[in-house]
Every structure is written in C-alpha cells, then in structure tokens.
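Q: So the sequences go chain by chain: C and S.
Under numbering that gives the first Met the number 0, think of the first position of the first sequence as 0, with each following residue one higher.
Under numbering that gives the first Met the number 0, think of the first position of the second sequence as 0, with each following residue one higher.
Treat the hints with care, as some may be off.
[To be verified] Derived list of chain C stretches under chain S, where covered just means 3 residues or more per stretch with a C-beta under 8 Å from a C-beta of chain S:
{"id": "1", "segment": "91-102"}
{"id": "2", "segment": "131-138"}
{"id": "3", "segment": "142-155"}
Simulated from the structure, these hints should not be mistaken for laboratory data.
Here the structure is a predicted model, which means the values were calculated and not measured.
Beta carbons are placed, not taken as given, at the ideal position from N, Cα and C, and that holds for glycine.
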Amino acid sequence: MSLKQYEIQRRPDWAALIIAAGLAVFGAVILWDSARLADLGGYSGVGPGTVPRVVGIGLILLAVWTVAAALRGDFPERPRQQPAPVLWIIAGLAGQLILLKIAGFSIATGVLFALTARAFGKRNLTLTLPVGIAISFVVWIVFSQLLMLNLPAGPLEHLFFGGAR
Amino acid sequence: MSAFDFLLQGLATASDPMLLFYALIGVTLGTAVGVLPGIGPALTVALLLPVTYRLDPAGSLIMFAGIYYGGMYGGSTTSILLNTPGESASIITALEGNKMARKGRGGPALATAAIGSFVAGLIATLLLAFLAPHVVKLALVFGPREYFALMVLAFVTVSSAFGDSTLRGLTSLFLGFGLACVGIDQLTGQARMSFGVPDLLDGIEVTTLAVAMFAVGEALAIAALGNTGEDKVHAVKGSVWMNRSDWSRSWKPWLRGTFIGFPIGAMPAGGAEIGTFLSYATEKKLTKHPEEFGHGAIEGVAGPEAANNASAAGTLVPLLTLGLPTTATAAIMLAGFQQFGLQPGPLLFATNPELVWGLIASLLIANAMLLVLNLPMIGLWVKLLTIPKPWLYAGILLFATLGTIGANPSTFELGMLLVFGLVGYGMRVFGYPIAPIVVGLILSPMAEQQLRRALSISQGDWTVLLTSPIAAVMLGIAALALIVPLVMRMRGRGAVLSQLAGDED
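Kindly produce the complete structure, drawing on both the sequences and the hints.
A: The following block contains the structure:
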C-alpha cells in the first residue's frame with residue numbers, strides 16, 4: 000500500500016461529518032421540545048416527554064458513532080453524483096408546489112413532469128410540457144371526477160368542467 | 000368453527016362480483032406498476048394507496064391485496080427481461096433468469112417464475128389461513144409488555160440484524176422514531192414537535208414518507224448517476240411454455256422455495272430477500288446440473304421466485320394477527336388499514352371476521368387471476384419495460400405527488416414530500432437502508448403506547464418488562480440480534496450479512 004492511498008483513507012469524510020451534525024441537531028431539537036412538555040406521567044412515571052427524550056439521546060449517540068465512523072473512513076464508496084439532474088427534479092417539485100393552488104393540478108403537475116423528463120435527458124420543453132399537462136389533465140379527470148379525490152382545480156379544469164372545485 | 004369454515008365463508012364474501020372486480024383492478028394495476036423498472040412492491044403499494052381512498056374498507060383492502068401480489072409478480076418479469084430487479088427480493092431471479100433470457104429462453108423463465116409464484120402463493124396463503132387463528136389465540140395472552148418486547152425485536156431485525164452496517168440501520172430506525180414523535184401524544188393529548196404548525200398536529204403520514212423515500216429519493220438517485228445508456232430488454236423468443244424437462248426440474252424447487260420462504264416471512268425477521276438467497280443456495284447444492292448455475296439454470300429461477308412469494312404471504316401472518324409490520328411494504332399496508340380506522344391484530348379477527356377472511360380468501364383469488372393475467376398476456380407487460388427513462392420517471396413522480404395531493408391537498412404536505420425526498424436521496428447515496436425509517440415511523444407510536452401501558456400497570460416499575468418469560472425471551476433475542484452482527488462485522492465477517500441486505504421491502 001502506497002503512502003498516498005493511506006492518506007486518502009485517513010482523510011475525514013466531510014459529508015459523513017455533516018450527517019452526524021444533522022443527526023445531533025435533530026436529536027437536540029427533540030430534547031428541547033420534550034423539555035417543555037408537562038410531565039403527566041401519572042402512575043407510570045413515563046409521560047409524553049419520556050420516549051422523545053430517549054429518541055433524542057439515541058440520535059445524539061448515533062451522531063457520535065457516525066463521527067467515529069467518518070474519522071475511520073467506514074462509509075462506503077459513493078458513485079459520482081451529477082448535480083444538474085437533481086436540481087431539475089427539485090425545481091420541478093418546487094414548481095408544482097408553488098403553482099398547485101394558483102394554476103390547478105394539471106398545469107402544476109405538467110411542470111413537474113416536464114422538468115423531471117428534462118432531468119433524465121428529454122430537453123425539449125416545448126414537447127414535454129404540453130404532454131405533461133395533457134397527461135396530468137387526464138389523470139385529474141379520472142381521479143377527481145371518477146374516483147372522487149379532492150385535487151385542486153385551476154383555469155384549465157374550470158374551462159372543461161365548469162362546476163369543478 | 001375451524002379455519003377451513005372461515006376460509007369458505009371468506010371465499011363466499013370475496014366472490015361478490017363487485018369485490019372480484021376490485022381484486023381484478025388490483026392485480027392489473029399491481030402487475031403494471033410492479034413491472035416498471037425501479038419500482039418494487041413497497042412503492043407500488045404506496046403509489047396505489049390513493050386509488051383506494053374512496054372505496055369501502057372491504058373493497059379497498061381486497062384491491063390492496065391484489066396490488067401487493069401483483070407487484071410481486073411484476074417484479075419478476077422486470078428482473079428476468081431487463082436485469083434491473085424492480086425489488087430487492089428479485090435480485091436472485093435476475094441472476095439466473097436474465098441469463099436464460101439472453102439465451103432466448105426468456106419464455107420458460109417467465110413461465111416457471113409465474114407458475115412457481117402461483118404454487119407458492121397458493122400454499123402460503125393456505126398456510127396463512129390455517130396458522131392465523133393459532134397465532135391469534137397466542138396473541139390473546141399477550142399483554143402490553145409482550146407486545147412491546149415483540150416490537151423491540153422487530154425494530155432490531157428490520158434495522159440492524161442484516162445489511163452492511165449496524166450504525167446506518169439504527170440511524171435510519173431512529174430517524175423514523177424521531178419523525179414519529181411529531182404530532183399529538185396519544186395518551187395525554189399534548190402536542191409534541193409541532194412548533195405551533197397546525198399541519199404537524201396530525202403527525203407525519205406514513206404514505207407521504209414512503210412515497211418520498213421510494214419514489215422521489217429513487218428518482219433523484221437515478222438521475223444523479225447521469226445517463227448510463229439504455230438498458231436492453233430481451234425479447235421473448237419462442238414459446239412461453241415450459242417443456243417436459245423444465246417442468247420436472249421446476250416443481251421441486253417451487254415446493255422447497257415455498258417452505259423456505261414462508262417461515263422467514265412469518266417471523267419478524269426482515270424482508271423477503273433472505274428467503275430467496277437461502278432458496279438459491281439450496282437449489283445450487285441439490286441440482287443435477289451444477290454447471291448451468293450462473294448460466295441460466297431454471298431451478299435458480301423457480302426456487303427463489305417461489306420463496307419470494309411465499310414470504311410475501313408469510314409477512315401477512317404477523318401483520319394480520321399481531322398488527323406487526325416487518326417490512327416496508329407491510330408498514331404501508333398497515334397504513335392502508337389505518338385509513339379506515341382498522342387496527343390489524345387479534346381483535347380484528349373477533350370484531351370483523353368477514354373482512355379478515357374475505358381478505359385472505361381474496362388473496363387466493365388474486366393469485367389465480369395473476370396466473371391467467373401473466374402467462375398469456377406477458378407480451379403486453381413486456382411493452383411496459385420499453386418506456387424510456389425520462390417518461391417513466393416523469394410519470395412516477397406525477398403519480399407520487401398525485402397520491403400526496405389526493406390524501407391532503409396542501410402545499411405543506413408537498414413540501415414534506417420534497418424534504419423527505421431529499422433525505423431519501425441522501426440516505427441512498429450514503430448507503431442507509433430505507434425500510435427501518437418507514438417501519439420506525441409507523442411502529443414506534445404503538446411501541447410507545449404499549450410501553451407506557453405496561454409501566455402504568457406496574458406503577459413505573461421497569462423490571463416488569465423482564466418478569467414475563469415471553470417478553471424476556473423476546474428482548475433477549477433482540478439483544479442477540481443486535482450484538483452478534485455487530486461483533487461479526489467487527490471481526491470482518493460482515494460480508495455474509497450484507498449479502499442478505501435488502502433496501503426495499
């Protein structure tokens with residue numbers, strides 16, 4: 000084993016350390032929240048705050064363990080991650096979330112559809128956006144009109160189904 | 000009445016034309032979604048849960064059972080023809096099945112998988128029917144402390160007994176515990192972890208978490224790998240029927256696979272994949288054609304596929320009789336029960352026998368429907384495999400968000416879907432198993448309730464957990480299941496365990 004390899008292995012795994020920090024923060028938030036709960040333990044002495052306290056402490060212990068594993072380099076190799084497709088999908092989900100109440104289910108979900116397809120290499124939005132909206136509209140008809148699911152309606156839905164909510 | 004009478008009664012319930020129709024829709028949808036690459040039974044069930052929201056409980060659960068079995072059938076088609084197993088339990092099937100498909104023997108491979116699944120599903124469902132009343136009787140003597148111990152055992156086996164890291168399994172489990180704390184405390188009505196946000200008072204929906212983890216997380220993880228080129232689908236050449244030698248080489252593996260898979264599914268011991276590995280190893284040892292293994296041996300498809308389906312039915316034993324989900328798929332099915340205010344367990348057999356037995360009987364019917372649906376119509380399902388990735392994942396996310404919006408049309412719920420999707424992506428990248436977080440979320444409130452009940456009865460005396468022999472034994476096994484793998488991994492014997500790992504169901 001060469002010295003260089005050895006150095007790579009000994010380098011602390013920063014991503015894993017960030018995970019550990021996240022776990023510790025989550026655990027601390029749970030502990031903080033459980034502290035303000037009135038202890039209505041009654042006979043058992045185990046109130047609403049007890050289990051969260053155990054979980055919070057558990058998460059902090061796991062954070063410590065994760066730090067140890069990160070320093071030892073125990074985390075598995077990760078394949079190279081490409082950020083662009085991930086961001087496209089996040090943009091699609093965020094776009095749907097923002098548009099849902101304003102533009103209705105079909106248009107909002109059409110945006111998600113088109114941007115997801117974009118992330119997987121179908122770049123032509125002038126094709127994927129109409130296709131996405133059309134498919135979403137069909138889905139909307141089936142699920143809101145036939146299966147009585149409550150899906151937000153927008154201008155497009157109102158155009159075809161005037162009375163739709 | 001004996002189990003047989005109940006089963007007959009159940010068959011009478013399930014043969015109501017409307018319920019048969021629901022079962023048919025369920026198996027069709029389940030197969031169609033299960034065939035899609037990258038979608039396992041857990042996601043299939045989570046995606047299709049909203050379809051059943053507006054049905055009556057019986058119809059919905061029967062459709063659900065059909066989806067579950069259909070997803071298992073569909074998964075084998077994907078792994079044989081595409082070599083990308085749709086579910087972890089099909090990895091072994093892909094090993095031999097895809098080699099057979101490459102040699103142009105895809106037809107018999109699909110046939111032995113389908114018939115093997117049918118045989119295993121039939122026997123295992125009957126075993127479920129005859130075993131369930133006995134487990135129910137046993138469960139009636141269980142008090143809160145025994146239930147608590149059983150759940151602790153399930154936590155350990157799901158999170159850390161198998162897989163390649165105790166740390167990551169436990170971390171995933173505790174994330175589930177932490178998320179489960181959100182909402183109103185069941186015993187005192189106090190709001191926990193809700194930070195004044197009214198949307199959080201109801202807690203975090205299991206289906207939202209499952210869909211985020213499996214659909215959004217998976218889509219992000221696949222997208223992040225970039226374009227790795229198209230997967231090749233092997234066309235089914237020649238006859239789908241098996242010849243005489245195929246039959247004679249298949250029937251014993253089917254039966255052996257069934258009897259290996261069922262007990263493993265029925266024990267609180269994690270996913271179906273363990274059974275498939277054991278079955279594969281058994282067939283490899285017993286075969287008269289050892290040279291064919293690794294090059295497309297039909298026994299290597301028949302046995303694991305039977306084991307896979309038998310353990311799917313086995314999983315229903317603890318789920319229906321004890322209300323204990325041992326896989327992510329079972330956890331989502333439990334959420335399906337809960338949406339109707341039904342809690343599976345011994346009480347359900349007493350209060351709602353028609354529903355439970357109708358469900359078990361409809362599994363038999365769904366199984367028969369699937370055989371008919373899969374063999375002659377295989378060409379149709381194969382077409383689904385050729386959907387290009389961009390359309391496929393765009394569609395998956397469409398339906399994933401549809402389910403969330405349908406359950407609760409709020410931007411907050413969609414926001415949670417996005418956040419958990421990112422968490423799921425991170426967990427995939429860093430090799431965290433997904434099942435423990437889902438099982439932890441749904442099971443820990445129940446475990447907490449049982450623990451607090453047990454301690455109320457004992458007036459705060461914790462030793463009560465160990466003075467019941469049943470509870471003590473289960474806690475002891477749980478401790479062993481936690482410590483032994485830890486020691487094995489520290490001594491560098493972890494490879495065996497990570498081979499048994501599965502992340503999906």
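Q: Run every hint past the structure and note whether it holds.
A: Here is how each hint holds up against the structure:
Counting residues of the segment 91-102 of chain C whose C-beta lies closer than 8 Å to any C-beta of chain S gives 8; at least three are required, and the coverage claim holds. Coverage of the segment 131-138 of chain C by chain S holds in this model, with 4 residues showing a Cβ closer than 8 Å to a Cβ of that chain against a need of three. With 7 residues carrying a beta carbon less than 8 Å from a beta carbon of chain S, the segment 142-155 of chain C meets the three-residue requirement, and the given coverage holds.
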